[in-house]
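Chains as they are written, first to last, in numbering that gives the first Met the number 0: chain A, 0 to 361; chain B, 0 to 281; chain C, 0 to 286.
A few of these clues could be false.
[To be verified] Taking lysine-lysine pairs in the DSS-like style, the calculated list, with each CA pair at most 27 Å apart, reads: (1) B/Lys13 <-> C/Lys96; (2) C/Lys61 <-> A/Lys201; (3) C/Lys61 <-> A/Lys361.
Honestly, the hints are just simulated from the structure, not real lab data.
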Amino acid sequence: MTKIWSNRRQFLAGATALGVGTAILGAPRVARAAGEVKVLNWQGYGTDFQAGVDAFQKKTGLSVVHDYYTSEPEMMTKLRTNPGGYDVVLTNCVWNNLASKEGLVQPIDTSKISHWNDLNPAFRDSERLNQDGKVYGVAWVWGTTGIAFNEDVYKPAPDTLAKLWDPALKKKVALRDDAVEVVSFGAIMTGQDMNHPTDLEKVKAKILELKDNVNYLWASEDDWHKQFAAKAFDISTMWGGAAIRAKTGFKLPVGFYIPKEGGIGWFDGLAVAKDAPNPDGAHAFINWMVDPEFYTAWETKEGAPASANPKAMEALPDSDPTKVAASDGDAVKRLQFMAPLSDDERQRYSDLWAEVRTAFAK
Amino acid sequence: MSRRTSEITNGIAKIYLALVLLFLYVPIFTMAAMAFNRSPLYELPFQFDLIWFESLMSNDRLLRAGSNSLIIAVINTVIATVLGTAASLAFARYQFRGRTLMQLLLLPPITIPWLVIGTAMLVFFFWIANVPAVAETCRAILPAAYCAPRSKITILLGHVALSLPYVIIVVSARLADFPKSVEEAAATLGATPWQTFWRVSMPIIAPGMVAAALFAFATSFDQFVISYFLAPPGVTTLPVEIYTAIRKAFTPEINAISTIIIVVSMGIMLITARFYKFGGER
Amino acid sequence: MSPRQRQIWSIFSLTGPAYLWLAVTIFLPLSAMLYCSLLDTSPLVPRPAHFTLANYAAFFQKSFYLPLTWWSLQLGFWTTLFCFLIGYPAAYALAKKIKGRWREALFLLIVLPFWSNALVRIFSWTMVLRPNGLIDAALHWILPEAPHIDILFSYPAVVIGLVHSYLPYMILTCYISLQAIDDSLMEAARSLGAEAWTVFRRVVLPLSLPGVVSGAVLIFVPVIGSFMEPRILGGPRAVTLGMNIEEQFTVTSNWPLGAALSFTMLGIVILFFLVLYPVLKKRGAFA
């Protein structure tokens, strides 16, 4: 008498489950080869703006399929493990060089971008999107990281980075839980180059001074909104565009400024992946993304960072808060733009932040 | 114990249980309450409104994610419970070399952060799906799209793998108290192994199996990391939707769908408890 | 087939499917990760990689890993302890004092919070624990002059959140052990003259030990690697090893370091287990 019952039972159960499962899960969609543009980007960041996608489909007949990432290293992993899996990829001023050096993105054929000459040369020709005379990213949008504060609490409005260190602000400050951003602001405060500070000990000491003031570390726009509304903090580092959206969209009393000592600037470039299955479609899509018609719809309906295409900015109504913020020349002059970092630097900043967090938690 | 003392202790027991349940449900009530609150940022004062339920009904993406989660979780529960119970039976019944090692091997899946396991799985599946022998065998059995490194099948593979240790540990705990003499008695009376299991053993370990199944379901239904890494573009599950949506702003539609799921589950569970006794008479 | 062969066949067919599944989906990928932890470059980056033990050495060299690990272990300990103190009596009450259909219903109700999404659930805790949150509001409704409760973004808040998330494990595992204890055993002990406390200590507790131990394992082990509750409920005042491991994958792309830290954590857990196993086995915690 052998115990085959256990075998048979499991086999039956397994086979049934597999059969039922296959039936219920349904036939998988077979990827359509032509007529499709595959995009890799953050979720809810412009390229999947429904009205824009629909308009693109109407104009070109191409449908847009999205895959998302939640961190830039993840974006790199996806590019590395999916050759031929994407057409358009969002890479920012920090990562575009790294992606092109590794051969993950191909040179842009600028003749296919009709708006090429309209783009702001400061971003378009930046060495962070170009390499060896070839263009690897089309400048798309740009933004800032500065200080957001509760307008009802701070009257008159402050204007310095040092405000965060004000001893009167116990448990009122929030920082972003991001090693690079913290090091950047620490470097600005200690008068060093934001991207490559030479004296990290000084930066660390400066950040440690914030220990009693920091009450919250935010990680996403959403939890920033919720904790700001719950008054967990009054003042924090924050992206400019997001601060505007908090005010106009959620009616929160948010003020924003680029500090006197300096603020962080960044810009995004749309790149075409190596082995893109539809490079022509990719170029067409990128061209649409820098089109003023798309941008004005995106900004007015949903809220967007500033466009790298000055013509798109001009097309906005004068009262548009993003337009107003972007036109503030003095503020823009105070920005230092993010640059690519080596793995070693990134590790050192991450370790610094880990040491600071450990000290905060003691 | 006198009857009076017995009544008092019974009363205390019931109150204590009620308090524990209250603790367990405080965030659930809060979550449900916010589904009916007009503010998208969970602000008080409370203003009753059904807008989130309304917009949920037209949020195809979220609804599809919810149904994906449910289906995968159910299949996962069935497979994991069956496979895990079988393994537990082997551990309980037999002493064999390597048993301790096999039990120790259950620790890595619950110790190592899911992020690490997910990344490892992704890279491994990616590599193995491109090995010609594997790819051909797979395509002979299943449609091509299921043989990709990221597919509904690989999601299921991952979920079951993460549920198995829980099932095995929980059922083993029940089997530790299992009176082997009962099985031997049944065998002496002429029952086949199948009959012994189905009619004698299983009713006794049933509470363990049910608890294990409930854990397996929870592990799968709320599994974010593995689903995220192994999902092909266009396929999402509920936790993935929630997590990726927090980048911008997730609306209380998520509270609405969570509330619906809890209420429906509660209903199903109470009806099941009414008609099926799985705890034994004791 | 001889009885011995039948037994071997039995063992294989019972454990085979589960362990084959685990081998393909977890053990093989993790072996690849183990290999990766001994390299000095992430696997997918096109740079030549060399063997190194530096990633494991980093655990001792960098100043923050030991405090981080110690805190993570403490978190695991406190959470498991409170889950036991709260959960065991609840399981006992459910197994021994509640009869009939209610018992099944309550059993299921205890598991139900598990099925809600963890992120939303933890976030709901922020609403309960913050100043002007649910607890604070209730307190002020009774005592308007009381100071504001500010437990959010603190270590206790993290413990509360973790205990809440993991309590059902303890309650259920203890329940299934307790429920198996025959009431007649307890009556027999009492009729032999033992007091209620002795009955509990000498009969009930030892027999329910398997449930307690499996509950403890299912709680302690995941908690030391947790990062969601510490991040959301602890704010700047909680940082765990799990969070740092996550950073190595989402910020620094340093998979070898992240993998090495994970296996170090696994090593610590196995160490615990190996030390406690003989003690627990003697007391009947395992079959």
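Here is how each hint holds up against the structure:
no.	hint	result
1	B/Lys13 <-> C/Lys96	holds (8 Å)
2	C/Lys61 <-> A/Lys201	holds (18 Å)
3	C/Lys61 <-> A/Lys361	holds (17 Å)
Violation of the numbered hints given earlier is absent; every hint is satisfied by the structure.
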